[in-house]
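**Student:** Number 29 in my numbering belongs to position 29 of the sequence shown; there are no gaps in the numbering.
Fair warning: there could be bad hints in the mix.
[Claimed, not checked] Distance windows between CB atoms, simulated:
# : residue 1 : residue 2 : range
1 : 51        : 84        : 33 to 43 Å
2 : 58        : 82        : 29 to 39 Å
3 : 76        : 99        : 31 to 41 Å
4 : 96        : 35        : 31 to 41 Å
5 : 83        : 37        : 30 to 40 Å
6 : 51        : 85        : 29 to 39 Å
7 : 54        : 92        : 15 to 25 Å
Rather than coming from a laboratory, the hints here were simulated on the basis of the structure.
As the structure is a prediction and not an experimental result, all values here were calculated from the model.
The beta carbon of each residue, even a glycine, is placed where N, CA and C say it ideally should be.
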Amino acid sequence: MPGAVPQPPARDQLPGRQRDAQPAARGLRAGRRRPAAQQQAVDEEVAAAVAAGLLAVADPGTAARAVVTLCTAIPQWYRPGGPTAPEELAEQYVGFALALLGRPPSTGLDPSRM
């Protein structure tokens, strides 16, 4: 028919790789909103902690982005059963994040002080 707009093939008519990638691609598109919300939450917490004198960092926004980036990169390299247990990794990363945010290690991880 002249002027008809071609329709994409149905999912079950796509070659294997394209068919298999579709749900993952939809998940990535849907998940794009979540990182922004996570970043905003961390931005707000860091700003509040700086205002309360619990953290000493010159640029809270940049520091908060660095902390989120530090954490979101873990799935790129971490493998279960590797040399570092998840609990140990979490403890190390909390230390990295607090150091990055200007909190002296001597204050520990007492949540009541956060």
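**Student:** For every hint, state whether the structure bears it out.
**Tutor:** To see whether the hints hold, each was checked on the structure:
1. 51 - 84: 33 to 43 Å: holds (34 Å)
2. 58 - 82: 29 to 39 Å: With a Cβ separation near 35 Å, residue 58 and residue 82 satisfy 29 to 39 Å, so the hint holds.
3. 76 - 99: 31 to 41 Å: Since residue 76 and residue 99 have Cβ atoms about 21 Å apart, the given range 31 to 41 Å is violated.
4. 96 - 35: 31 to 41 Å: Given a distance of about 19 Å, which is not inside 31 to 41 Å, the answer is violated.
5. 83 - 37: 30 to 40 Å: Hint holds: Cβ distance 33 Å, inside 30 to 40 Å.
6. 51 - 85: 29 to 39 Å: With Cβ atoms ~35 Å apart, the hint holds.
7. 54 - 92: 15 to 25 Å: About 21 Å separates the Cβ atoms of residue 54 and residue 92, which means 15 to 25 Å holds.
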